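**Student:** If you want the building blocks of each chain, they are given just below.
2 protein chains.
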Amino acid sequence: MSKKLRILVSNDDGIDSPGIFALVKSLKQIADVIVAAPDRQQSAVGHSLTISDPLRVTPFHREGVMFGYSINGTPSDCVKLAIAELVEIQPDLVVSGINHGQNTAINILYSGTVSAATEGMLSGIPSIALSLASHSYEADMTFAGKVAQKLVLQMSNIKLPEGTLLNVNIPAIEEKLVKGYKVVRHNSTVWRDAYEKRKDPFGREYFWFSGEYAVNSENQDNNLELDDVALENGYVTINPIHYDITNLKFINEIQFLEKI
Amino acid sequence: MSKKLRILVSNDDGIDSPGIFALVKSLKQIADVIVAAPDRQQSAVGHSLTISDPLRVTPFHREGVMFGYSINGTPSDCVKLAIAELVEIQPDLVVSGINHGQNTAINILYSGTVSAATEGMLSGIPSIALSLASHSYEADMTFAGKVAQKLVLQMSNIKLPEGTLLNVNIPAIEEKLVKGYKVVRHNSTVWRDAYEKRKDPFGREYFWFSGEYAVNSENQDNNLELDDVALENGYVTINPIHYDITNLKFINEIQFLEKI
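Chains as they are written, first to last, in our numbering: chain B, 47 to 306; chain F, 47 to 306.
Careful: at least some of the hints might be erroneous.
Pairs count within a copy or across copies, as identical chains cannot be separated in the list.
For lysine-lysine, the following BS3-like pairs were computed, each having C-alpha atoms within a straight-line distance of at most 30 Å [said to hold, decoys possible]:
id: 1; residue 1: Lys-50; residue 2: Lys-74
id: 2; residue 1: Lys-305; residue 2: Lys-74
id: 3; residue 1: Lys-243; residue 2: Lys-196
id: 4; residue 1: Lys-243; residue 2: Lys-295
id: 5; residue 1: Lys-74; residue 2: Lys-222
These are computed hints drawn from the structure, not numbers from a lab. These figures come from a predicted structure and were not determined experimentally.
With the hints as extra help, turn the sequences into a complete structure.
**Tutor:** Following this line, the structure appears as structure tokens:
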């Protein structure tokens, strides 16, 4: 390698989470790593931006390994602000994660991890989002760290089209049980919404989200081309995502609306 | 009409905003309307969900016209909770807006207005997001209200494919200057990120987002098929959006990653 790779790392679990620390430790072996991440847990914030409040930046370091900025914002804020104002040289890659919990199917839409990588992509920087299929903060991140390193080393062989990023999910199983890598598309799984109605200590009612993510059963016949199915079956999944969100096939069918 | 249409209305500017009130007043003329909206401004929250905090619901009414629920959550929370717990009968339509400010191109990703409609769509309910191209709270919403009514009356003639919703933008100009309706696709406009570095009264530094939305100049030659270009040119734009976010064309080019 002629020059050392520069990687900007972010996440949505917060700068103190084990996942981002594992990611930084692993990537440091092959690159210069700078971190810009939320100062606290920001899961399910989706693609939020902070526009009505000031953003504060605090220098951050951990165990002489991890360096960067802790920011009172969302994952999108962190990556935008880092690229626009905090880093002196544009990074070669943006890597977001390692998220505690999978980001497959509809979760991609709600994911702060993916939105951090999306901001990298929108700035024209190749970007990867990485998630481990376990919400436990004690989950072993060793294998996920290796996956991150391996994929980063492959990025020079990939010409990501404009507007596309890689969304990667890693099964939370022993490394020897992992079946391999699968290039996948997103499944159509959605949440079965439910809310628990509870009472607070003062007798006032509140609701708490208690939905269930149930892998789309129509597609459950081990169709390993689908992200959550392949993940459940022990594969590291790689989904190249973009935001081509106009339904072009349907456009002709509503042309009559131009005449209403 | 055999039975009266039932419409669930939400927004991201908050339940007190003029835009949602104009929308409700207009739709009440043709339908039963129930509101479930955030208790405060939630712009640019994207597709956020509240999962780590309780949601509180307060009955809301305004001027004997607008009835429903004020919720301390995001637009997505409001629609999910309303459909799962608050309304007795599943609504026939979800209408979100009228947003103060346009939701075109990349803004669709950040938009709480669109995310409220997206939740309706995910629940299998035909859904529309409506935005007016003016951030002013004094903006005249009369014409936008008429557009909402007109489109709702057309919904029985539209078979929205599964996973698709309508994202509608309305120019903030006098009604007589509006050129008509255009069915469009999203432009590739992104924000030119910038942050102002300021000092607070105690001398501490902070950053404030000051990015600029500049309509993609490559496409500015009055290509009226693009949402923000058509809007700028005085059209009401109708974009059928979906979340088909896997880049299927690119999948073959990264098959080699399965062997790393």
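**Student:** For each hint, tell me whether it holds in the structure or not.
**Tutor:** How the hints compare with the structure:
1. Lys-50 x Lys-74: within (10 Å within a copy, 62 Å between copies)
2. Lys-305 x Lys-74: between (59 Å within a copy, 24 Å between copies)
3. Lys-243 x Lys-196: neither (45 Å within a copy, 38 Å between copies)
4. Lys-243 x Lys-295: For Lys-243 and Lys-295, the Cα distance exceeds 30 Å both inside one copy (42 Å) and across copies (45 Å).
5. Lys-74 x Lys-222: within (24 Å within a copy, 61 Å between copies)
In this structure, the earlier hints numbered 3, 4 are contradicted, and the remaining ones agree with it.
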